[in-house]
Each structure stands twice: as structure tokens, then as C-alpha cells.
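Undergrad: As a plain string of letters, each chain reads:
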Amino acid sequence: MSTATEPIDEILKRGYDAGFVTDIEQEYAPPGLNEQIVAFISEKKNEPEWLLAWRLKAYRHWLKMTEPRWAKVSYPEIDYQDICYYAAPKSKDDAPKSLDEVDPELLATYEKLGIPLHEREILAGVAVDAVFDSVSVATTFRAKLAEVGVIFMSFSEAVQEHPELVKKYLGSVVPIADNFFSALNSAVFSDGSFVYIPKGVRCPMELSTYFRINAAKTGQFERTLIVAEEGSYVSYLEGCTAPMRDENQLHAAVVELVAHKDAQIKYSTVQNWYPGDENGKGGIFNFVTKRGLCEGERSKISWTQVETGSAITWKYPSCILKGDNSIGEFYSVALSNHRQQADTGTKMIHLGKNTRSTIISKGISAGHGQQTYRGGVKIMRGATNARNYTQCDSLLIGDKCGAHTVPYVDVRNSTSQLEHEATTSRIGEDQLFYCRQRGLSEEDAVSLIVNGFAKQVLKELPMEFAVEAQKLLGVSLEGAVG
Amino acid sequence: MLKIENLHVEVEGSPILKGIDLEIQAGEVHAIMGPNGSGKSTLAYVLAGREGYEVTKGRVTYKGQDLLEMSPEARAAEGVFLGFQYPVAIPGVSNVYFLKAALNALRKHRGEDPLDAIDFMKLSKEKAALVQLSDELTKRSVNEGFSGGEKKRNEIYQMAMLEPSLAVLDETDSGLDIDALKVIADGLNTLRSPERAMLVITHYQRLLDYIVPDVVHVLIDGQIVRTGDKDLAKRLEAEGYAEVRNAMQP
Amino acid sequence: MTQQPQTLLDSIPASFDTGPQWLRSVRKSAAEVLRERGLPDKKTEEWRFTSVRPLVATEFARADAEAPKLVSPAPKGVTVRSLRQVLEQEPARLEGRLALGESEHFAALNTALFTEGLWIHVAAGVVVEEPLQLIHEPPKTTEPGVSYPRVLVTVESGSEATLIETYPGENPGQLTNSVVEVELGRNAKLNHVRIHENPGLQVGRVEARQEADSSYRSVVLTLGGALLRFDVRALLQGQGAECRLDGAYLVDGNDHVDHHTVVEHQAPRCQSDQTYRGIASGRGTAVFDGVVFVHRGAQKTEAHQENRNLLLSDTATVHTKPHLEIDTDDVICSHGATVGSLDESQLFYLRTRGIPEELARAMLTYAFIEEVVDRVSHEPTRDRLREAVLARIPAGEAVRGAS
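Residue numbers (my numbering), protein chains in the order written: chain A, 16 to 497; chain B, 639 to 888; chain C, 8 to 410.
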């Protein structure tokens with residue numbers, strides 16, 4: 016078997032396409048965190064008094080909290096006083112009024128990343144909010160979406176234009192003191208996307224936010240809030256990249272989703288933060304809190320994620336199934352190569368009657384990568400006839416990596432049914448040989464088999480991004496997928 | 639086209655092939671018959687380049703090149719095709735997608751442009767018809783949930799698509815009923831050509847009723863003990879391997 | 008030996024002055040571990056679902072039992088001796104064998120404090136047909152008391168034996184904190200059956216250390232318990248070793264029963280298999296936490312684990328946490344867990360065949376754990392267990408009559 020792994024090791028030497036730095040004049044807050052910095056961010060964004068108070072409350076909570084260490088990831092101590100909590104491209108006046116006013120250097124950056132921001136060039140049917148470090152630089156198709164009543168704008172703008180909605184829902188799913196990183200985010204969040212789908216509206220296009228960390232020594236703390244009113248539907252996608260830098264950068268986002276009666280939210284992520292180099296130098300620390308509340312009857316929230324980036328991933332997109340007959344879904348592909356460590360999974364909390372949840376998780380470990388699925392399913396006393404099905408599969412490539420599966424199951428209702436299955440095995444030698452006999456290079460064969468392994472999840476992605484994700488899996492294993 | 643000289647092969651330290659000599663010219667169909675455990679599949683795997691088979695002596699020349707030096711995919715690119723006795727399932731990868739990737743890899747090697755989707759589908763339809771493989775099967779994941787017969791027909795369909803110069807068919811007839819056997823044999827006969835050589839490995843003679851070989855070899859205990867024409871196969875069927883084995887005893 | 012009642016932590020002496028030097032140092036490090044870590048609380052991952060708060064503040068009298076008793080005399084090739092005696096007479100023979108000083112919490116407590124126990128030694132090349140049966144009689148006091156049974160089982164190369172341990176029902180205030188260590192030589196084989204007959208407070212641990220090609224098969228049956236926590240650990244240290252850990256537990260009333268398994272694949276080509284079944288009714292809580300570690304270099308590992316639970320009342324709770332930790336690639340591993348109620352279609356099927364609903368339910372409930380009961384190969388024990396299980400299932404009586 017000795018020779019089998021050598022070419023694979025070659026394959027695994029990753030190329031990271033999005034690792035360039037945009038040379039642009041930026042404005043920074045001084046590094047460090049205190050109440051003045053929190054106030055500075057709030058003031059920069061011209062926020063109302065209540066929001067500053069909310070931030071400060073979060074900050075004071077955060078001071079009392081300790082960083083969680085239960086995940087199976089190890090990383091050096093983070094010096095929270097050495098991070099810059101605000102960085103924004105310097106613009107002549109305030110925010111650009113239209114795309115024409117956006118700095119051409121920025122447009123070029125997104126162009127290079129395959130996200131053209133000019134509406135005419137954009138993938139048909141996808142509206143994009145582009146967040147560059149701490150601010151949103153452009154949101155496309157706003158006007159068109161407004162025609163049907165859909166609000167899609169940066170979080171900062173929403174605070175100005177729809178304060179009543181922001182006030183009502185901010186922190187309603189992920190409370191201020193939920194966890195260390197969400198509390199940090201609540202204190203210093205800078206920008207993100209806000210989406211509101213009115214009653215009965217099926218959002219006519221895919222909404223998407225593209226996050227880019229550019230500045231050095233800067234954390235990104237975005238906040239996303241999506242509210243789907245009764246009977247509405249929205250499909251939302253986020254993508255993320257960052258330059259290759261030797262030092263680690265912190266990303267601590269919070270995403271809150273609220274689905275009212277009969278509403279559906281489909282949230283997809285293609286996460287390609289810089290993973291660090293093959294020796295584990297640099298890369299993004301990705302500590303993210305994502306949670307959706309199925310508030311109303313028959314509401315549905317689906318999380319789909321393709322996680323190929325970041326040095327450290329700590330992320331558990333969850334669903335609280337409060338409404339009767341509501342549905343939660345979690346589909347995940349996570350790949351850890353080189354020295355990447357991912358501890359990711361989901362939580363499904365069944366409160367309402369006839370609630371259903373499905374969890375499909377596919378983990379791929381290669382190189383010295385460490386991959387942990389950590390999931391929780393709780394079926395509470397009132398959740399009559401609740402159902403959960405969980406399937407976790409892990410694929411191992413090479414004998415230096417690790418795959419760990421840690422589900423927590425807690426059932427308190429006798430009419431419910433829960434089923435959890437997990438398998439771990441290495442990439443099949445017979446499959447590799449079969450592909451190579453048909454003329455595929457080892458690299459292509461690995462890529463093909465990995466994509467096949469992840470198929471069940473990839474098919475949940477919106478069409479436009481499924482191809483992208485498939486490519487990314489190939490690239491992350493440094494092999495082109497045909 | 640293919641020349642095997644004094645080939646010795648070990649698997650996990652035990653000798654399986656003990657000096658095989660075999661030469662196949664373009665256009666010829668050779669059959670290798672032998673009882674279970676005689677080394678038939680080992681020979682097929684060694685020709686295709688599977689790991690875990692250690693060549694301790696001898697050499698194999700294919701189109702003038704040292705075959706044993708080449709990686710499995712390089713052999714495939716040069717036109718070596720192995721029809722597997724147990725085709726492998728690859729969940730999540732569709733049959734047509736897989737084959738398109740394979741075919742375009744071969745075309746690239748030959749310096750040809752990749753086939754576009756439309757031309758590919760046209761070709762696929764034509765070749766699938768050869769072995770009566772339904773459209774639905776060509777679109778399903780590679781060999782996943784296929785019946786034994788479907789897997790074997792899928793192998794021949796792939797062979798038809800990839801148009802190899804040397805096809806090694808390892809027990810392509812095993813597990814088939816008579817109707818399926820005829821379909822496969824018809825497909826293979828269509829694929830016979832003056833440029834192509836075939837090495838048909840089988841336990842039973844019945845496949846050879848339909849694909850009439852030019853030469854028949856009998857492989858017992860890692861050695862070719864008899865070589866003859868198609869009548870040798872018939873005699874074997876009638877007398878059994880035991881006779882041949884007895885005849886070998888001094 | 009009677010002492011003033013003390014809390015568990017207070018009962019650890021400041022120094023250890025008797026016994027062989029090596030034991031003193033093992034005990035000393037156990038005591039240090041305990042003083043440092045204290046007893047577990049809910050933040051201790053391994054104790055997440057089981058609170059030991061009732062144990063922490065309670066003052067227990069040291070109710071030292073005698074060594075557990077063997078039901079019948081040891082057969083040829085088997086030597087059974089009092090641990091105290093061996094420690095007095097030939098302490099060197101036990102050096103390195105009574106371990107677990109560094110292990111967590113309760114096993115460390117036992118290591119620090121045990122005074123008596125048994126050493127069961129099966130000589131090389133001996134196949135013992137009749138099972139060795141041990142009964143751990145609880146102390147007969149009514150005051151809260153604690154005892155620390157300790158058993159070392161050594162099965163030398165090529166030998167084969169069966170050990171059946173029974174922990175009979177106890178006074179609710181009695182805490183039994185037991186440790187059983189199993190050493191399996193090359194090619195040795197031990198079938199280990201352990202029965203918890205509704206004990207009051209029980210914390211127990213079995214650790215099997217396995218050399219190459221050895222086989223350890225454990226069947227645990229827990230028929231309830233006010234507070235029971237039981238851990239089985241199998242350390243597959245030599246190539247080609249295998250273990251099979253099975254268990255069944257029933258909870259009712261206010262029972263709280265927590266089973267943990269740990270399998271450590273430390274060598275190549277080992278196999279492990281686990282089947283645990285639980286039935287929760289009343290206001291009972293049933294916990295299963297099983298982890299399989301496959302260490303780097305343990306290639307060609309095959310490990311499977313299954314935990315299935317029946318939840319029969321809305322006031323009962325089931326926690327399950329099957330768990331894989333894999334650090335090498337040439338493995339085939341799987342686990343599965345289910346929680347649910349009886350299969351309605353099976354129930355319906357039985358009823359269409361004329362079986363009354365109550366009986367049908369009892370039949371299906373028993374069938375759910377029968378597979379585990381059937382793994383007990385000693386027939387009289389199996390029959391006894393079957394009776395005991397049926398006695399704890401609603402309408403179980405009827406099943407007995409029907410079969």
C-alpha cells in the first residue's frame with residue numbers, strides 16, 4: 016500500500032486561488048477591545064442609542080465569559096487586545112451611492128474572485144451583497160427586490176432604514192450571552208446582510224452575501240439576520256475568502272434566521288476562508304454561531320454547508336423546531352487537509368409536535384487534517400411524534416489524519432423516533448484502481464470519488480453554486496474535477 | 639501486440655504465477671481457461687497494473703513498451719482495458735460522468751479535443767444499445783445497485799466507449815444467464831476488429847461457443863499447461879480440468 | 008473495621024504507610040489525582056448526564072465487606088486468592104497489575120482505598136468449562152455505607168474461562184465502588200457476565216488489557232438502580248485481539264442508569280463489536296456513552312457499535328452518545344443509535360394473529376433485549392436473567408406463559 020499514498024500526498028498539496036491582497040486605502044480602529052472601541056464602531060455606523068446600549072451589554076457579558084475549549088481543535092491563545100475590530104475601505108464621502116461609485120479596485124477584487132458586481136454581468140437570478148472586511152461595499156438588485164417588498168441590504172443600512180425590524184429580531188434567536196464568540200460578535204459586529212421577506216412572497220432570486228477579509232490583523236464580525244414572514248420563501252447563499260497571510264485571523268460571525276408560519280429558508284454556505292499553508296501557518300479561525308428558529312407551524316429551515324477553508328472551524332448551524340410540523344435540515348460537507356481542524360455539526364431541538372429533522376454530514380480528512388462531527392438532537396417532552404434521522408460518514412485519505420464522530424442524543428418523548436448512523440472508512444483502493452484502469456489520473460480519481468461521496472449534500476446546493484462547490488472540493492484536494 | 643515472457647508473480651509472498659509465456663497479435667482473440675485459484679485473475683490484474691502483485695521474474699511488452707513500468711492510467715491511455723470480474727461501485731458518481739471523464743482523459747493523451755456533451759451523449763447512446771444497457775442505467779451511479787448482469791453489460795459498454803487495443807476480460811461470463819450471455823457475446827463480437835486483441839479469461843467453455851477464440855490456453859497452478867485451438871476448450875469441457883491435471887503428472 | 012462516617016473525599020488518608028512500596032505510590036498518586044480533581048460534576052464531560060451530587064456530601068461509613076465469594080470451589084488450573092493475603096505474602100507478584108491509580112475519580116478512589124479483594128488466576132493452557140461465579144454480597148448495615156470491591160482476573164496464554172459476577176440488590180443507602188481488572192495473555196479468552204440486580208448506589212469499572220489474539224467478551228445486564236454508573240474499557244494492545252461488549256439495561260421508577268464503554272484500538276488488525284440495548288419507562292433515565300478510539304498505526308481495524316433504546320413513557324429520558332475517534336485510515340468503523348417506541352406495524356401484525364395487545368407489547372419489549380440476554384452462554388444464568396428481565400416488563404408474566 017506504500018506507493019498508493021504517495022501520489023495522493025502530492026495531490027493534497029493545496030493551491031489557494033483566493034489568497035491575493037487588495038491594495039486599497041483602509042481606515043482602521045486601533046487594535047484592542049474596550050468600551051471606547053465598541054462606542055467607536057457604533058458611532059462610525061451612526062447607530063441609535065439602543066443599539067449602542069445593546070452592544071455594551073454584550074461586551075460586559077463577554078468580559079465575564081471564558082473561551083470554550085470543549086471542541087476538538089487546538090490553537091494558540093488568541094490575544095483579543097491585539098486584534099483590530101474595525102477596518103473599512105476609505106471612501107471619499109460616505110458609502111457609495113451606486114455601483115459606479117464603488118472603488119474600481121474593489122470591483123476588480125470581486126471580479127477576480129468570480130463575483131462580478133455589475134448587475135448585467137451577474138449570474139442571472141442572483142443578488143449579491145459584498146462585504147469587505149467590516150463594511151458592505153455593494154448590494155446588487157436592491158431595487159428590483161424592493162418591487163416585491165423584499166428587503167435585502169447591508170446590516171448597517173437596515174439599522175438606519177428599518178430599525179423597528181432590526182430591534183425586534185436582533186438577538187431573538189442567538190441571545191447576547193449565548194456563547195463566548197456570539198457575545199463578542201454582539202459587541203463589535205460591523206456589517207453583514209439583512210433580509211426580510213414579506214408575507215406570502217417567494218423571493219424571485221437567490222440572495223447571496225460574499226464575505227472577504229482583506230486587512231491584516233483584523234477580525235471580521237459580521238451579523239446576518241433573515242426573517243421570513245408567513246408563507247414566504249427565500250434561498251440565501253454566503254461565500255467567503257481571505258488573503259494568504261502568515262498570521263491567523265479571527266472570524267466570529269452570528270447568523271440568525273426566523274421562519275414564521277409556512278415560511279421556508281434555505282441557507283447555503285460555501286466557506287473557503289484561507290486554510291493556512293501546508294505546515295499550518297496562517298489561516299482563518301472561524302468561530303461561528305448560526306441558528307434558525309422555526310417559529311411558526313409548518314415552517315422549514317435548511318442549512319447546507321460546504322466547508323473547505325479555515326485553519327480552525329467551530330460551527331454548529333442549528334434549528335429550534337418550535338412550530339408544530341416544522342422541519343429542520345442540515346447538510347454538510349467538510350474537508351480538512353494539511354493542518355486544518357474542523358469541529359462542526361448541528362443541533363436540532365424539537366419542541367413542537369410532529370417536528371422532523373434530517374442531518375446528513377460528510378467529513379473528509381486528508382494530510383494531517385482533523386475532522387469532528389459534533390451534533391446534538393434533543394427531543395423534548397412536548398414534541399409528540401417527532402422524527403430525526405442522522406447520517407454521518409467520514410472518509411479518510413492518508414494515515415496521519417483523524418475523523419471523529421460525536422453525536423449527543425437526548426430523547427424525552429416516547430412517541431418520537433430517532434435514528435443515527437455513522438461510518439468511517441478510507442478511500443477505497445478498489446475504487447481508485449477501477450478509475451485508473453479506465454484512464455483517470457490518480458488525482459482525478461480521488462477528486463471524483465470524493466465528489467461522489469459528497470453528492471448527497473452537493474445536490475442540496477442551488478445549481479449555480481453546486482458546480483462551484485464541486486470545483487472547490489477538487490481544488491482543495493488539488494485536483495481538477497472535469 | 640502483447641508479449642509475456644516467463645512471468646512470475648507473488649501475492650503477499652506466495653507465488654501465484656510461475657512462468658507464463660504468451661504472445662497475442664492484433665486481431666486475435668485468445669482464451670485463458672483454468673480452474674478456480676489457477677491464477678487467471680492475477681494475470682488480469684498484473685496486466686492492468688494493480689498494486690499488491692509483485693512481479694519477481696519475467697517481463698511484459700506491450701506495443702514495444704515495458705508494460706510493467708507503467709501506471710494503471712498510463713496503460714489505459716495506451717489502450718489496455720480490463721473488464722472486471724467484480725466491477726466496483728462508486729456511489730454518487732454517475733456512470734456517464736465517469737465515462738466522459740475517462741474518455742476525455744484518453745483523448746487528451748492521444749492529443750484529441752475533448753468530446754462535448756452532445757457528441758458524447760450520441761456516442762453513449764449508440765454504444766449502450768450494443769449491450770442493451772438502458773438510458774437509466776447509464777445515468778445511475780457507477781455500478782451502484784446494478785444486478786450482476788447489468789454490471790457486466792456496463793463493463794462491455796465502457797469498453798465500447800473507450801475502444802481499447804487490448805481488452806482483458808476477466809470472467810465476463812460469470813453469473814450470467816444464457817440470454818445475458820448472448821447479449822454480451824454479441825457485443826464483444828461486434829467489437830472484434832483487426833486492430834484489437836482480446837484476452838478472454840473464463841472458467842467455462844460456454845462463453846467460447848459465442849466468442850470463438852483463435853487460441854485457447856489452459857492455466858493450471860500458475861502455468862500454461864496446454865495451448866491449442868477452439869477444440870481444446872471443447873475437450874476440457876468434456877473431460878474436465880482433472881484430466882489435464884492428471885496428464886501433467888509425470 | 009469501622010470508622011466514623013466521612014464524605015468520600017475526606018476518607019482519603021493523608022498518607023499511605025502500609026503495604027508494599029509500589030502499592031503505596033500507586034495509592035498516593037490516586038489520592039493526588041482525587042484531591043486535585045475532586046469528584047466529577049456536570050461539567051465533566053464523562054459525567055454530563057449523571058449527577059453524583061447525592062454522593063458528594065453524604066457521610067458514608069466504611070462498610071468493608073469480606074472478599075467476594077466464589078459460589079463453588081475453583082476448578083483445576085484456577086487459583087483464587089485473597090488480594091490482602093497476596094499483598095502481605097508475595098506483594099511482588101501483583102506489582103504493575105493493580106493499576107488505575109491515575110484514572111479518573113471513582114476508580115482512583117477504589118485504588119486508594121480498597122483493602123480486600125480477589126485474585127483469580129487461570130494458568131496457561133487451561134480451558135475451564137464451568138463458569139466461575141462471584142457474588143458481591145452487600146454489607147448488611149442500614150446506615151449509608153461504602154465498600155470498595157477489587158478483583159484482578161489473570162488469564163494466561165491460551166487459556167479460556169467464564170466469569171459471572173452478580174451484584175445483588177442493596178439497601179438504597181449503600182454505595183459500592185468496584186473495580187475489576189482483567190489481564191488476557193496471548194490467545195487467552197474470557198467470557199465475562201456481569202449482572203446488576205437493581206443495586207442502590209453503584210459505581211463500577213472493568214478494564215480489560217488484551218495481548219495479541221486474545222478475546223474478551225462482556226455481557227452486562229442492569230436491572231435498574233437508584234444511581235448506577237458502570238464503565239467497561241477494553242484495551243486492545245496486541246495485534247489481532249478482539250472484544251465484544253454487549254449490554255442491556257432497564258430503568259423504571261426513578262432509576263438512573265449510566266453505561267459507558269471505551270474500546271482502545273492500540274494495535275493493528277483488532278476487532279471490536281458492541282451492542283447495547285436499553286428500555287426506559289416510568290421516570291427513569293438511561294444513559295449510554297460509548298467511544299471507540301483507533302490510534303495511529305492501528306491499521307486494519309474493524310470496529311462496530313450499536314445502541315438502541317425503547318422509550319416507553321413520556322416521563323422517562325434516554326441519552327445516547329456513541330462516539331468514534333479515529334486517527335488512522337485503514338479502518339472500517341461504524342456506529343448507530345436509535346431511540347423510539349415499539350414498532351406499531353409489528354404490534355398490529357401480532358394482534359391480527361390473535362395475540363392480545365398487552366401480551367404483544369410485552370413480547371416485543373422482551374424481544375428487544377433478548378439478543379443480549381442470549382449472549383450469555385451459561386444456560387442456568389441465561390434462564391435466571393430471562394426470568395429477571397420478564398419480571399420487570401409489564402405483562403412479562405404472560406410472555407413466560409406464552410412461550
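Each hint should be verified, as a subset may be incorrect.
[Said to hold, decoys possible] Straight line, CA to CA, 25 angstroms or less: simulated DSS-like cross-link-like pairs of lysine-lysine:
1. B:789 with A:470
2. C:35 with A:79
3. A:474 with B:777
4. C:307 with C:196
5. A:486 with B:777
6. C:76 with A:79
7. C:50 with A:87
8. A:362 with C:49
9. A:362 with C:50
10. C:49 with A:87
11. A:281 with A:368
12. B:760 with B:777
13. A:393 with C:83
14. C:307 with A:415
15. C:76 with C:147
16. C:83 with C:196
17. A:486 with B:746
18. C:49 with A:393
[To be verified] In silico contact screen, one side only, chain B against chain A (beta carbon under 10 angstroms); selected entries:
19. 687
20. 781
21. 800
Treat the hints as calculated values from the structure; they're not laboratory data.
Yeah, the Cβ is synthetic: ideal placement off N, Cα and C, and Gly gets one too.
Undergrad: Given the proposed pairing of residue 35 (chain C) with residue 79 (chain A), does the C-alpha separation stay at or below 25 angstroms?
TA: This hinted pair is violated, its Cα atoms lying about 37 angstroms apart.
Undergrad: Are residue 281 (chain A) and residue 368 (chain A) close enough, with their CA atoms no more than 25 angstroms apart?
TA: holds (22 angstroms)
Undergrad: Tell me if the straight-line CA distance from residue 362 (chain A) to residue 49 (chain C) falls inside 25 angstroms.
TA: holds (20 angstroms)
Undergrad: Quick one, are residue 486 (chain A) and residue 777 (chain B) close enough, alpha carbons at most 25 angstroms?
TA: Given that 25 angstroms is the threshold and the Cα spacing comes to 21 angstroms, the pair holds.
Undergrad: Residue 49 (chain C) and residue 393 (chain A) were given as a pair; does the straight-line alpha-carbon distance stay at or below 25 angstroms?
TA: This hinted pair holds, its Cα atoms lying about 18 angstroms apart.
Undergrad: Against the 25 angstroms threshold, does the CA-CA distance of residue 76 (chain C) and residue 79 (chain A) hold or violate the hint?
TA: violated (55 angstroms)
Undergrad: Check the hint pairing residue 474 (chain A) with residue 777 (chain B) against an upper bound of 25 angstroms on the C-alpha distance.
TA: The given pair, whose Cα atoms are some 15 angstroms apart, holds under the 25 angstroms limit.
Undergrad: Would you check the hint for residue 49 (chain C) and residue 87 (chain A), treating anything up to 25 angstroms between C-alpha atoms as holding?
TA: holds (19 angstroms)
Undergrad: Checking one constraint from the list: CA of residue 307 (chain C) to CA of residue 196 (chain C), max 25 angstroms. Satisfied?
TA: The given pair, whose Cα atoms are some 21 angstroms apart, holds under the 25 angstroms limit.
Undergrad: Verify the proposed pairing of residue 393 (chain A) with residue 83 (chain C), using a straight-line Cα cut of 25 angstroms.
TA: Judged against 25 angstroms, a Cα distance of about 53 angstroms means the pair is violated.
Undergrad: Between residue 76 (chain C) and residue 147 (chain C), is the straight-line Cα distance small enough, at 25 angstroms or below?
TA: holds (15 angstroms)
Undergrad: Is the interface hint satisfied for residue 781 (chain B)? The criterion is a beta-carbon contact with chain A at less than 10 angstroms.
TA: At about 9 angstroms, which falls below the 10 angstroms cut-off, the nearest Cβ of chain A leaves the hint on residue 781 (chain B) intact, so it holds.
Violated hints, listed in ascending order, are 2, 6, 13; each of the other numbered hints is respected by the structure.
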